[in-house]
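J.: Below, each chain spelled out in residue letters.
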Amino acid sequence: MQCLRRFLACLSVLLVPVAACAQQLTVSAAASLTDAFKEIGARFEATHPDVTVRLNFAASGVLLQQIRMGAPVDVFVSADEETVARGIEAGVFDPATKQDFAANTLVLVVPAGQASPVKSLAGLADPAVRRIAIGKTATVPCGRYTQQALSRAKLWEALGPKFVQADSVRQVLDYVARAEADAGFVYRTEAMLMPDRVGIVQTVDGHDPVTYPVVAVGASREPALAKAFIAYLMSPPAQAILKRYGFARA
Amino acid sequence: MQFITQDVSQMSDFLQRVDWPPLLLSLKVAGIATVLASIAGIALGWLFARRRFPGCALLEAACMLPLVLPPTVIGYGLLVVLGRRSAVGGWVYAHLGYTVVFNWHGAVLASTVVALPLVLKAASAGFAGVDGTLEAAARTLRQSPFSVFARVTLPLAWPTILAGALLAFARAMGEFGATLMIAGDIPRQTQTLSLAIYDAMQDGRDGTAFFLACITSALSVAVLVLSKRFFALR
Chain L
1 MQCLRRFLAC LSVLLVPVAA CAQQLTVSAA ASLTDAFKEI GARFEATHPD VTVRLNFAAS
61 GVLLQQIRMG APVDVFVSAD EETVARGIEA GVFDPATKQD FAANTLVLVV PAGQASPVKS
121 LAGLADPAVR RIAIGKTATV PCGRYTQQAL SRAKLWEALG PKFVQADSVR QVLDYVARAE
181 ADAGFVYRTE AMLMPDRVGI VQTVDGHDPV TYPVVAVGAS REPALAKAFI AYLMSPPAQA
241 ILKRYGFARA
Chain E
1001 MQFITQDVSQ MSDFLQRVDW PPLLLSLKVA GIATVLASIA GIALGWLFAR RRFPGCALLE
1061 AACMLPLVLP PTVIGYGLLV VLGRRSAVGG WVYAHLGYTV VFNWHGAVLA STVVALPLVL
1121 KAASAGFAGV DGTLEAAART LRQSPFSVFA RVTLPLAWPT ILAGALLAFA RAMGEFGATL
1181 MIAGDIPRQT QTLSLAIYDA MQDGRDGTAF FLACITSALS VAVLVLSKRF FALR
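Chains as they are written, first to last, in my numbering: chain L, 1 to 250; chain E, 1001 to 1234.
Think of the hints as simulated: they come from the structure by calculation, not from any bench. Every residue gets a Cβ at the ideal spot worked out from N, C-alpha and C, and that includes glycine.
Label pairs and their calculated CB-CB ranges: (1) L/47 with E/1098: 52 to 58 Å; (2) L/47 with E/1061: 49 to 55 Å; (3) E/1136 with L/161: 57 to 63 Å; (4) E/1070 with L/5: 33 to 39 Å; (5) L/52 with E/1065: 34 to 40 Å; (6) E/1070 with L/232: 32 to 38 Å; (7) L/161 with E/1095: 22 to 28 Å; (8) L/235 with E/1222: 56 to 62 Å; (9) L/151 with E/1088: 37 to 43 Å; (10) E/1054 with L/52: 50 to 56 Å.
Listing some non-contacts, in silico: residues in chain E with all C-beta distances to chain L over 10 Å: (11) 1023; (12) 1040; (13) 1046; (14) 1091; (15) 1125; (16) 1132; (17) 1141; (18) 1144; (19) 1146; (20) 1159.
Let the sequences and hints guide you as you build the complete structure.
T.: As structure tokens, then:
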């Protein structure tokens, strides 16, 4: 009993700094925003000295699922409109706060430094192309854009057996960069991160526009701060960072 | 009565919607991995229990490493050694057109590596527990070394080894991290039970995730109970 009491006393001492800590803002953002948002988060902290920004990156669908399960998140940033719409329908977001702040392009990539039979979308049917990396269509927006584009090109069904579905667009990029997949579909901003390891074959059309909406989470304990972060995303400093990483304006 | 028939029809409805291939694949992968790990584990276990040679402690530690390493390290290591941009994996792919990456063989490999320490430890303990005088007696009866091993040592150590093999099977069934990294998560090709649960949870298919989790848990409990029985047999 004595021992337990001592343990609890120690524990409460450890918890004090957490409770006394200044405001904390948790931002769940699409995997493709990883690099840009690390910079934006740091800049936001610099302009708001009492605020700590926690960043959580994964596929948009996975992040939505975490929030629906009650994860303590303040701001949600998706790589597509559909995931946000699903969250609004489920009642977890504040629809009034939604804003589109950036746009991107879907590209077809192949491993760099080796001859590839893939010169266009049609080249994916070549028997030498054994594995094509795409995002999981259920949770990764990039995978859904890919599905739309390939369905429109009448290639989706035929290429089915070659697909390797990855957990996020980052993993698609990794599969192609390691040459484990012979081709893959990622955003242009992703391909730009590894110019020496993946080569862009072409821009892919025939899908919904790739836009990035941001929205405040309804259950946020810091609604004012969440709105401030959303406003900051639209500001020139944040837009300049996004531009540097290759994102277009929404 | 009506409630019961409704329940039954709902249940059969549900069973039809559940994806069975992941379970079958997991059983296949874990089964093969257990056999491979047992062969290697028995050989190495005997070596570590009976022979002393320079570097044997280091080699044993290396074989036990997968027990304590994060699965991500194992997956990364396998990719570095066998991936297509590696020397070995690149050569094999160029000449034979074969790769373990994105292939269910990769899942077997990952499971074998993580299951090996469990058989090895059990086999090593089993062999150490065999009374040396019995083996000496067999040798005086002009039995060859192999015959002594097959007819005296192995039968005496068998319950312990089997208990270890069952633990290895349970561990192989539960492999997740290294499998995801090397075999990928391809439905009906490399998607094992643990990967199917991960997928179902991420997509918000809670019913499926819950059902598959129950199957895994029930199977694991059965294996652990069996394993305990064999350990008690010693």
